[in-house]
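> Listed below are the residues making up each chain.
Protein chains: 2
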Amino acid sequence: MKANGKEILRRFFEPQSIAVVGSFKEGFFGGYVLIKTVLEAGFRGRIFPVNPAYREVLGLKVYGSVKELPESVDLVFLIINAGSVLPVMEDCAARGIRAAVVVSDGFAERDAEGGHLQEELVAFGRKKGIRIIGPNTAGVVNTANGFNPCPYEAGYHRLPKGPVAICSQTGMINPQAYPYRDLRCGVSKICDFGNKSDVDECDVLEYLEEDNDTAVISMYLEGIRDGKRFLDVSKRVTKKKPVLVLKSGRTQEGARASASHTGSMAVKDTVFDAVCRQGGIIRLDTFQELFQVPKIFASQPLPRGNRMGILTVTGGVGVMAIDEGARYGLEIARPEEKTISMLEGIFPGAGRMPVDIGPMMAAVKDTFARYPRILEAVMTDQNVDAVLNVIWAGLGENAKDIYLRAYEPLKGRFPKPLVTWTYGPDSNTARDLAFGLEDLGFPVYSDAESCVKALGLSFRYAQIKGHDASGKHPSRTNPRPLGFKRGG
Amino acid sequence: MKANGKEILRRFFEPQSIAVVGSFKEGFFGGYVLIKTVLEAGFRGRIFPVNPAYREVLGLKVYGSVKELPESVDLVFLIINAGSVLPVMEDCAARGIRAAVVVSDGFAERDAEGGHLQEELVAFGRKKGIRIIGPNTAGVVNTANGFNPCPYEAGYHRLPKGPVAICSQTGMINPQAYPYRDLRCGVSKICDFGNKSDVDECDVLEYLEEDNDTAVISMYLEGIRDGKRFLDVSKRVTKKKPVLVLKSGRTQEGARASASHTGSMAVKDTVFDAVCRQGGIIRLDTFQELFQVPKIFASQPLPRGNRMGILTVTGGVGVMAIDEGARYGLEIARPEEKTISMLEGIFPGAGRMPVDIGPMMAAVKDTFARYPRILEAVMTDQNVDAVLNVIWAGLGENAKDIYLRAYEPLKGRFPKPLVTWTYGPDSNTARDLAFGLEDLGFPVYSDAESCVKALGLSFRYAQIKGHDASGKHPSRTNPRPLGFKRGG
Numbered sequence: 014m015k016a017n018g019k020e021i022l023r024r025f026f027e028p029q030s031i032a033v034v035g036s037f038k039e040g041f042f043g044g045y046v047l048i049k050t051v052l053e054a055g056f057r058g059r060i061f062p063v064n065p066a067y068r069e070v071l072g073l074k075v076y077g078s079v080k081e082l083p084e085s086v087d088l089v090f091l092i093i094n095a096g097s098v099l100p101v102m103e104d105c106a107a108r109g110i111r112a113a114v115v116v117s118d119g120f121a122e123r124d125a126e127g128g129h130l131q132e133e134l135v136a137f138g139r140k141k142g143i144r145i146i147g148p149n150t151a152g153v154v155n156t157a158n159g160f161n162p163c164p165y166e167a168g169y170h171r172l173p174k175g176p177v178a179i180c181s182q183t184g185m186i187n188p189q190a191y192p193y194r195d196l197r198c199g200v201s202k203i204c205d206f207g208n209k210s211d212v213d214e215c216d217v218l219e220y221l222e223e224d225n226d227t228a229v230i231s232m233y234l235e236g237i238r239d240g241k242r243f244l245d246v247s248k249r250v251t252k253k254k255p256v257l258v259l260k261s262g263r264t265q266e267g268a269r270a271s272a273s274h275t276g277s278m279a280v281k282d283t284v285f286d287a288v289c290r291q292g293g294i295i296r297l298d299t300f301q302e303l304f305q306v307p308k309i310f311a312s313q314p315l316p317r318g319n320r321m322g323i324l325t326v327t328g329g330v331g332v333m334a335i336d337e338g339a340r341y342g343l344e345i346a347r348p349e350e351k352t353i354s355m356l357e358g359i360f361p362g363a364g365r366m367p368v369d370i371g372p373m374m375a376a377v378k379d380t381f382a383r384y385p386r387i388l389e390a391v392m393t394d395q396n397v398d399a400v401l402n403v404i405w406a407g408l409g410e411n412a413k414d415i416y417l418r419a420y421e422p423l424k425g426r427f428p429k430p431l432v433t434w435t436y437g438p439d440s441n442t443a444r445d446l447a448f449g450l451e452d453l454g455f456p457v458y459s460d461a462e463s464c465v466k467a468l469g470l471s472f473r474y475a476q477i478k479g480h481d482a483s484g485k486h487p488s489r490t491n492p493r494p495l496g497f498k499r500g501g
Numbered sequence: 014m015k016a017n018g019k020e021i022l023r024r025f026f027e028p029q030s031i032a033v034v035g036s037f038k039e040g041f042f043g044g045y046v047l048i049k050t051v052l053e054a055g056f057r058g059r060i061f062p063v064n065p066a067y068r069e070v071l072g073l074k075v076y077g078s079v080k081e082l083p084e085s086v087d088l089v090f091l092i093i094n095a096g097s098v099l100p101v102m103e104d105c106a107a108r109g110i111r112a113a114v115v116v117s118d119g120f121a122e123r124d125a126e127g128g129h130l131q132e133e134l135v136a137f138g139r140k141k142g143i144r145i146i147g148p149n150t151a152g153v154v155n156t157a158n159g160f161n162p163c164p165y166e167a168g169y170h171r172l173p174k175g176p177v178a179i180c181s182q183t184g185m186i187n188p189q190a191y192p193y194r195d196l197r198c199g200v201s202k203i204c205d206f207g208n209k210s211d212v213d214e215c216d217v218l219e220y221l222e223e224d225n226d227t228a229v230i231s232m233y234l235e236g237i238r239d240g241k242r243f244l245d246v247s248k249r250v251t252k253k254k255p256v257l258v259l260k261s262g263r264t265q266e267g268a269r270a271s272a273s274h275t276g277s278m279a280v281k282d283t284v285f286d287a288v289c290r291q292g293g294i295i296r297l298d299t300f301q302e303l304f305q306v307p308k309i310f311a312s313q314p315l316p317r318g319n320r321m322g323i324l325t326v327t328g329g330v331g332v333m334a335i336d337e338g339a340r341y342g343l344e345i346a347r348p349e350e351k352t353i354s355m356l357e358g359i360f361p362g363a364g365r366m367p368v369d370i371g372p373m374m375a376a377v378k379d380t381f382a383r384y385p386r387i388l389e390a391v392m393t394d395q396n397v398d399a400v401l402n403v404i405w406a407g408l409g410e411n412a413k414d415i416y417l418r419a420y421e422p423l424k425g426r427f428p429k430p431l432v433t434w435t436y437g438p439d440s441n442t443a444r445d446l447a448f449g450l451e452d453l454g455f456p457v458y459s460d461a462e463s464c465v466k467a468l469g470l471s472f473r474y475a476q477i478k479g480h481d482a483s484g485k486h487p488s489r490t491n492p493r494p495l496g497f498k499r500g501g
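One line per chain: the protein sequences are A and B, in this order.
Take the position in the first sequence, starting the count at 1, then add 13; the result is the number in our numbering.
Take the position in the second sequence, starting the count at 1, then add 13; the result is the number in our numbering.
Because the hints were derived from the structure by calculation, they are not lab data.
Some hints here could point you the wrong way.
One copy or two, it doesn't matter: identical chains are merged, so the pair holds either way.
[What the hints assert, rightly or not] Here are the simulated DSS-like pairs of lysine-lysine, each with C-alpha atoms no more than 27 Å apart in a straight line:
1) 38 / 378
2) 252 / 241
3) 253 / 74
4) 351 / 253
5) 49 / 141
6) 248 / 141
7) 378 / 49
8) 413 / 49
9) 49 / 174
10) 351 / 248
Keep in mind the model is a prediction, meaning the values are calculated, not measured.
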């Protein structure tokens, strides 16, 4: 009896009641931290701690066993030694519990004996209709209902809310590991599959497909369990939302290490690549990108074509940006006549792509008074589908104001993505300007290459969605003001 | 008559006297900023401002023309309109000046007329034995003598001193653009070639080859002027010091933009790649890497082989690191028996690579008391040639102390590189720990992939230098405490 995936999947993210079986000793890991975190994150469901050695924790009554709980629960967390998991699962089954997060390690990732234990656990779950996330997982998060049951101390409880769902086969994606508040990556859901013994990428993709809080899905995978189903599900989901995947275990040695880490079965990288292409999935290259690339999808409209406009204060970066763009099929835009003559009118030689205002800045006194009109001209240009803006944050006190004034009037007017790189002699000044622009809804990346890559992947997804040059699909205008609020 | 390259090149970096021809109006660009910066950076040579409209600037007497100078100078800066450059150069020639930095733009990067002007300028320089950096350049820096004649306002004057020389065809590398103080990239020399009409990468490589303050050379190029000479010089220099090159204009469109930017001639990327391989040059992929990759060469010994040891608190990153390592020929090390039994003694399953202390941390109370011995065991292991350490900066107040105590005793003991990635729920905490480790002389990179790349390029350079497995070449031990002092 395999339980209905979609219905039960909801219990992992939207439970009305949870049980937590584990130690409640204070420390940086365990049931105590988990309960403290959900309480402080504002979760309003009922919470039942379970441990025969305690009577009360954090003001909650502790029950001696799952059998003694006053009611069944939507979801149970097991943070106990591996050998005790199956007996407790039997109690769970007896109480009609249908969803379990098994945080415990010591299963397939440890050794053959652990692998055997894991098989027994999965078989039991199947028989009783209990879906399992894990084992060896750091769990799940849902920011919509304050459900942040992280078993590791992160030092904070509320994640920034936003449209990005992050799923992974490593605890590296959880709040204790990645600085979500500082990254300004607004999150809808997090799911750590752990050893992925039962609930897998396909189950969660199907759940996220219908989750209104999620606009972009970002996943780290060490393997896929069912290639055929993954392809089917991907094809459907990627027509609605971009799905970004970082896959490790690409090399033989990496695959071997992955087997130790989560007991993953290897899949040939060329095969996986073909599945991604057919399924409309966009592959990423680094961990950072899991959290950074979603920003453009969360806030910017898709481009209608591959013509990149570049505005820059430094010619060298313009040249690099063109090279980088070519990797993703972006071409440098050829500006309209009216843009050319407007720019040439300000400074001879400025009327071409990349629009390099470096020489102008040194020679034309009121370049910065003209800056908003220059940026607007590039955004308005009908030959430009996507825009990279490179800004020098080194003009003194009023630099931030000048740039924010130039961006403010662009909000919501153009059906094309705009990404920005801010640089300068002082990192804090550059970062402060970046935050200001992101607060307006325009994403900023930490280097020029990442900006171009974001535009390139946005163009790639436009093609996947059939959104490009055909022009048949109405585009949102930018920005969609999601996910850049500073975290609480 | 072409002047003796090496002798005159010294004048650009070690002048006893300079003349500055330009405007002395206060602003963010020009002669005023240049003179203010060299004065405040502590340059002790004689400075002669030249401009008929001024009598005094920053306490210095201003001369009406180069002809009126009381003495000849080692180096002249021209920050005047393009059309005036040649007439002033005639005065310079008459006064016996042999080295000129032409900051002025409006030459080959502008249009055909500018290209013609540039040809005239170069021909004149050749005839009179005047070497020229530029035009369209932001100049040079030498931190050894406080010579920081940057024509752009950077907000600071003293760059952090260190062993890294940075050369480029864009002003992006200059103090006003890159946050050298924050990047903790200790600099020996900077040279912006600008349009590279005369002094080029080969001239500067030959100068840096013999510069005792420079241990690593990092270059951004849009083209090379003389392939044959570049290959000859590279072969010689790379046997002494690593030479890292980022080259743009890789694509046709990029090359076209590069022609507009600095008037560079394109060179086929496959050809350039072959030259780099033969010349022992290491190619980089991003601007950031120009400033980040040198750290490992500046502070760590070269590895004797390709066996990478990994210590991590998160298995997912271990898997990624192995995949990344494979790109650079790194293999995962198989630890010695004594390392394995020591680790298994602490926690079953810990005695293998990557050494994942994540499960141990959750289960073994005194993991952190044992941490220094674990790190030392990996560093001591004879089967390990290079080490990646992944640290979780989320343990509360005393995390930094614990890690610093573990690193302190490693200083100067092992002939193998150690790089570290620090991560955690709070960026500032992770950064503070990173700075602490770097102050001890161990480089930290901003993501795990960059750490592995640094190790991989270090291994590649060991091969170039003939330093690897043969074991014939004595290795320095780490760390070499250079370049990580916080900037002044």
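> So, for every hint listed, does it hold in this structure?
Here is how each hint holds up against the structure:
| no. | hint | verdict |
| --- | --- | --- |
| 1 | 38 / 378 | between (66 Å within a copy, 12 Å between copies) |
| 2 | 252 / 241 | within (17 Å within a copy, 53 Å between copies) |
| 3 | 253 / 74 | neither (44 Å within a copy, 70 Å between copies) |
| 4 | 351 / 253 | neither (37 Å within a copy, 54 Å between copies) |
| 5 | 49 / 141 | neither (31 Å within a copy, 78 Å between copies) |
| 6 | 248 / 141 | neither (31 Å within a copy, 69 Å between copies) |
| 7 | 378 / 49 | between (58 Å within a copy, 21 Å between copies) |
| 8 | 413 / 49 | between (40 Å within a copy, 25 Å between copies) |
| 9 | 49 / 174 | within (19 Å within a copy, 48 Å between copies) |
| 10 | 351 / 248 | neither (42 Å within a copy, 50 Å between copies) |
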